[in-house]
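> Next come the chains, spelled out residue by residue.
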Amino acid sequence: MPLPAEERARLKRIAFEIRQQIVDVTAWSGGAHIGGALSMTDILTILYFKYLNIEPAQPDWPDRDRFVLSKGHGGVGHAVALAHRGYFPKEDLREFNATGSKLGMHLDSRKAVGVDVSTGSMGHGLSQAVGLALAARVLRKNWRTYCIVGDGESNEGSIWEAAMAAHHYKLANLTAFCDRNHMMIDGLTEEVMGLEPLAAKWTAFGWQVRSVNGHDFDELADAVEFALANADGPVMIIADTVKGKGVDFMENDPAWHYGGLGGELLAKARASLERMA
Amino acid sequence: MSTTEGGLTWTVYDADKLTQREIYGLVLTEMGERHPEIVGLSADLAKSTKIGTFGERFPERFFNFGIAEQNLFGVAAGMAKAGLVPFVSTFSSFASMRACEFLRTDVCYQNLNVKVIATHGGTSFGSAGATHHSTEDLSIVRAFANLTVIVPADGIETARAVRACMEIAGPVYIRIGRGFEPRVYDSEDYPFEIGQAVEMCPGTDLTVICCGPVVYHAVQAAKILREEQRVSVRVLNMHTIKPIDEAAILRAVADTRRIVTFEDHSVIGGLGTAVADVIAASGKGCAFEKAGIPDEFSMHGYPEDLMHHYKIDTDGILEKIGEVLGRDFEADEDWEDEV
Ligand SMILES: Cc1ncc(C[n+]2csc(CCOP(=O)(O)OP(=O)(O)O)c2C)c(N)n1
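Those protein sequences? They're chains B and S, same order as listed. With the numbering used here, the residue at position 59 of the first sequence is 59, and numbering never jumps. With the numbering used here, the residue at position 64 of the second sequence is 1064, and numbering never jumps.
Hints in this document: simulated from the structure, not taken from any laboratory. Incorrect hints may appear among the rest.
Okay, the calculated beta carbon distance ranges per label pair [to be verified]:
no. : chain 1 : residue 1 : chain 2 : residue 2 : range
1   : B       : E264      : S       : N1111     : 53 to 63 Å
2   : B       : G31       : S       : A1169     : 54 to 64 Å
3   : B       : P89       : S       : E1060     : 48 to 58 Å
4   : B       : G157      : S       : N1111     : 21 to 31 Å
5   : S       : E1167     : B       : P89       : 54 to 64 Å
6   : B       : G31       : S       : P1182     : 46 to 56 Å
For glycine and all other residues, C-beta sits at the position ideal for the given N, C-alpha and C.
Construct all of the structure, not just a fragment, from the sequences and the given hints.
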């Protein structure tokens, strides 16, 4: 079912602002993992501004939904989303990457407000998400756990160990996204280490799989609604995305996995976002 | 001096402009020309570790396994079993921890000829924070039997170590940095032997034993002390952590009776601990301190800020030397009796 037009427009507006801020923070901080932050922005937006049951004023609220950024190098995107959702002042983003600040490149759950789990080394987040989902069962809580996994990250054997466990324990309260931007550091995923058929792999591991356009809020919402209604086990939403989404000179260029925006690049990136919005 | 071996086109003068990683990539590529048995392996960090330079020249001998470090080390072991010499490169945090047991059990237990060139050592990945710092790697890999562990001081020493590791029939772990570690050596023309410390500065009042990027700062500190305070500090570049140069440590005990170790690593289990073991076993008295990252997770920040914060830069080394020199030590003891 398509979203109401107003809701779609609201989400698009927020995603645009988050992308703008990601670009700004990348410029201020000297460099960030911008490509993979821009590719998952729409997923973060729909989670933080539609689905996550959270109280930013009370970040430790025990019954909150949990979110795990398994591809922890996307910290710049996560930090911006948290600031926009009101976990901390946007001003704090000025400190991103600065020595000893609360916001490092890979967010530290003991320092950054609103971050449930520390990540950064690939292939750890999904296991922690399984732990959170199992804990909800043990504690008889209704919180849901959401997780974003990178496609390159899915090379790690531990992702598949977690996948097996989530199916084994029938974790219907766990919903994962794969940010399928088709790129990793050394190039295209299919050239560095082929993942396809990816949907068939998750299906074979017992997950219910939805493949969507990761930049289309209607499709993303449909997939999350499916997960919310599903009581059988974990759901994997494979979100087809564009690395560097929104900034023309970054889109689909693996060189923009990590980069800085010195000199005129910041203005160019901002102008491109405006044009493509 | 320019190096022409194997048609190499760079000179040591470039060491000012090249990172340790870039020099590693160039040296390995040059070695690849002469050694068809060398293969290169990485895990989505071919570009970041610069083993990709070898991969561009020898695509048929280079393998990228994606982000899968355990498999990376297992495959290397298999290739070594068949007589190849795998050079494996990833960040040192992942080589030592993510792939830990594969390195220990597949590679070291079988004493296989695998060369691990682990980059982004210590806190050199700065703002990436504790997930990407490797402040425990020396402690971990030092405990693996059969493994030789080397921490070069700069790009030139990286070249020496990478060449020299081919002469060892067994596994070697070489830990290098990420960025522009300042140059310590003017040329490759100095005695480099695996297992033998290099005396960077002679001295009789105190000995600094250090490795990696800290060596540059220790040399600076020793110069300042000599010129400004007439204090004579011996600086030993202990580039090989294992096997450690026991003789050099024992000479330092006897000659200077004060030793301080500095390393970009936890004070638990690394260079400092290795030196302490030798001193303790000698039965000789010696004022001793280990400096490095304390027993906590390192914070994120610019690498030079972190070295300053953890007091392993020139200022920190001067401060610590001052403390240890001021310690009332010789007055209490009769050194001759003790020896
Ligand atoms: C265990 C581990 N190995 C290597 C890295 C270095 N690294 C950081 S990001 C990255 C590529 C990630 O690719 P992907 O998951 O596709 O993320 P995206 O393209 O969405 O940024 C790698 C190899 C790491 N963080 N952790």
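> Run every hint past the structure and note whether it holds.
Here is how each hint holds up against the structure:
1. B:E264 - S:N1111: 53 to 63 Å: About 55 Å separates the Cβ atoms of B:E264 and S:N1111, which means 53 to 63 Å holds.
2. B:G31 - S:A1169: 54 to 64 Å: Given about 42 Å between the Cβ atoms, the range is violated.
3. B:P89 - S:E1060: 48 to 58 Å: holds (54 Å)
4. B:G157 - S:N1111: 21 to 31 Å: holds (25 Å)
5. S:E1167 - B:P89: 54 to 64 Å: For B:P89 against S:E1167, whose Cβ atoms are near 58 Å apart, the range 54 to 64 Å holds.
6. B:G31 - S:P1182: 46 to 56 Å: violated (22 Å)
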